[in-house]
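Protein sequences appear in the order of chains A and B. Using our numbering, read the first sequence as starting at 1 and increasing by one per residue. Using our numbering, read the second sequence as starting at 1 and increasing by one per residue.
Each statement offered as a hint is correct.
Here are the simulated SDA-like pairs of lysine to any residue, each with C-alpha atoms no more than 20 Å apart in a straight line: (1) A/Lys88 <-> B/Glu198; (2) B/Lys35 <-> B/Val24; (3) A/Lys193 <-> A/Asp31; (4) A/Lys88 <-> B/Asn197; (5) B/Lys35 <-> B/Leu171; (6) A/Lys88 <-> A/Asn40; (7) A/Lys88 <-> B/Val196; (8) B/Lys292 <-> B/Gly249; (9) B/Lys27 <-> B/Thr162; (10) B/Lys35 <-> B/Leu169; (11) A/Lys88 <-> B/Gln199; (12) A/Lys88 <-> A/Leu55.
Computed Cβ-Cβ distance ranges for the label pairs, DEER-style: (13) A/Asp123 <-> B/Gly315: 33 to 41 Å; (14) A/Lys193 <-> B/Leu11: 47 to 55 Å; (15) A/Arg186 <-> B/Ala17: 50 to 58 Å; (16) A/Gly178 <-> B/Leu11: 42 to 50 Å.
Don't read these hints as lab results, they were simulated from the structure. Just so you know, these numbers come straight off a predicted model, no measurement behind them. Cβ coordinates follow ideal geometry from the N, Cα and C atoms, glycine included.
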Amino acid sequence: MTEAVLRTERLTKHFGGLAAVSDVSLGFFIDQIHAVIGPNGAGKTTLTNLVSGELASTSGHIYLDGEDITGLSADRISQRGVGRSYQKTNIFLPFTAFENCRLAAQSRLPSSMRFIRPALRYDNVSREALRALVEVGLEHRAQAPAATLSHGEQRQLEIAMTLATRPRILLLDEPLAGMGGEESARMVELLQKLKQAHAMLLVEHDMDAVFALADRLTVMVNGNVLESGTPEQIRASAAVQEAYLGTEDAHA
Amino acid sequence: MRKIRVATVVLLGCLIALALLPLVAEKYYIQLFTKMMLMAIFAMSLDLLVGYTGLVSLGHAAFFGLAGYALAFAAPQYQAANLWLSLPLAMAGSAALALVIGALVLRTSGIYFIMVTLAFAQMVFFLFHDTKIAGGADGIYVYAKPVAAIAGWEPFSLENHTHFYFVVLLLLALVYALLRVLLASPFGRVIVGIRVNEQRMRSLGYRTFRYKLACFVLSGALAGMAGYFAAAQFGFVSPDTLGWHQSGGVLMMVILGGMGTLNGAILGAFTMMLLELGFQGLPAVGEVDIGKHWQLLMGGFIVCAVLLLPHGLLGLGRLVSPRPETGSD
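Let's have the full structure, built from the sequences with the hints guiding it.
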């Protein structure tokens with residue numbers, strides 16, 4: 001396989017005495033959805049926050065395209081091509097869907113210290129924003145204030161904003177959370193389309209979706225990687241059966 | 001769409017009324033309106049921080065007052081300063097102070113930001129109040145208004161109160177236009193994004209600190225512009241011009257008019273100053289001199305306004321014809 005877009009090496013995060021993430025070494029590749037699953041408190045969201053730079057790691061390294069990006073701030077990591085979406089919808093509610101994406105796309109200008117020309121006249125930025133909306137199928141809602149969108153549409157918008165920054169790897173924290181059946185199916189289809197051009201870290205509780213989507217699965221328990229492999233390997237793993245999948249009924 | 005045109009018509013009407021005022025008004029009123037327009041510029045500069053970027057500063061008078069002192073320093077005893085030199089100098093001084101203070105206070109947020117801006121402004125206040133550099137607590141006079149001479153040619157004279165009025169009106173219109181352009185630019189969109197959701201702006205790749213600092217410096221420079229002309233008009237600068245009382249007053253203007261709208265900042269400044277005058281002029285009722293206790297009335301008015309008009313006086317218009325907030329303004 002080719003070089004990993006993103007690689008973590010013995011990544012560790014302590015909160016006081018608690019090891020939320022310990023010794024996690026994983027690789028993420030283009031055209032591969034890498035799902036991270038595990039019970040609540042396993043450290044999945046913390047792992048996402050470490051990779052996106054929103055939390056500083058205690059030890060270990062993160063490499064993007066072979067370059068060490070450990071310790072860089074969230075804005076720098078974003079500029080280098082790591083895009084993320086949030087477990088709890090995190091958008092600009094008073095702005096229109098288009099403006100949400102436009103602002104995301106504008107972040108790729110060399111600088112936004114531009115004071116004269118109206119923001120709407122930067123055609124490349126607007127085009128990029130529209131492209132992102134089209135990609136998630138939200139272009140018909142472009143002029144609607146984000147606050148008036150349905151929950152599912154807000155989740156789509158969240159992804160569109162991430163796409164508008166043209167990332168190389170997507171960190172998606174429970175993109176299916178709270179979605180209805182039809183919306184879920186559409187999102188699954190979207191993620192399948194997106195993986196062709198992106199590496200993807202997918203944190204998700206919906207096991208049906210995970211096994212339908214994931215090319216690679218990592219199971220975390222108490223901050224540690226319990227098992228990592230193909231979906232078939234994970235299904236067959238006795239350790240996983242015991243620690244996690246045994247509780248599948250509770251999630252279904 | 002129709003709503004925007006109504007607002008534009010009202011705005012143009014106000015501008016024309018202000019332009020015609022000197023034809024009909026006496027000197028006293030011309031000077032009063034000059035002062036009100038200067039406070040409107042000051043309020044707009046603060047609104048850029050409070051209403052647009054979401055940074056509630058309680059120390060904005062420091063930049064206003066410092067520029068006044070800069071004029072006093074630039075006009076040595078009985079000699080007039082040159083406008084074209086001293087104005088940029090005064091604004092640069094305020095901007096430099098804003099850069100230093102901003103670089104420190106913008107590392108905090110929320111209630112801490114309010115307290116730290118207040119603390120820094122008070123430091124500047126006591127620097128002028130407790131030392132002899134500019135007359136201490138007594139303040140310092142600006143004996144002559146700045147001259148606008150360019151190589152012997154003087155396009156206008158600030159000693160003439162009508163000329164002074166039109167200069168300030170022009171500046172008010174210029175600052176308003178400048179901020180309108182700025183707010184529609186990529187920079188403007190970024191600062192409003194920071195107010196709505198700063199953490200998300202960072203994860204989209206924006207170094208928000210830089211934008212907040214740039215905004216703080218610009219806002220300080222504009223406050224300096226207002227402070228410079230206020231000192232020139234009044235002919236006197238005292239530590240009170242950079243005290244917390246002044247900072248609180250301009251913050252009230254912004255809140256009263258409606259935060260996050262330039263029109264609101266102007267409306268708030270005019271309303272506050274007219275009310276102050278109106279309350280002061282109230283006659284005595286029996287034993288009670290109402291005019292002397294005008295601050296009590298003002299306090300009551302502010303309380304009512306905040307309780308009844310959460311979007312400020314401009315919100316009154318929205319009560320009549322509601323309009324959804326798009327966030328793009």
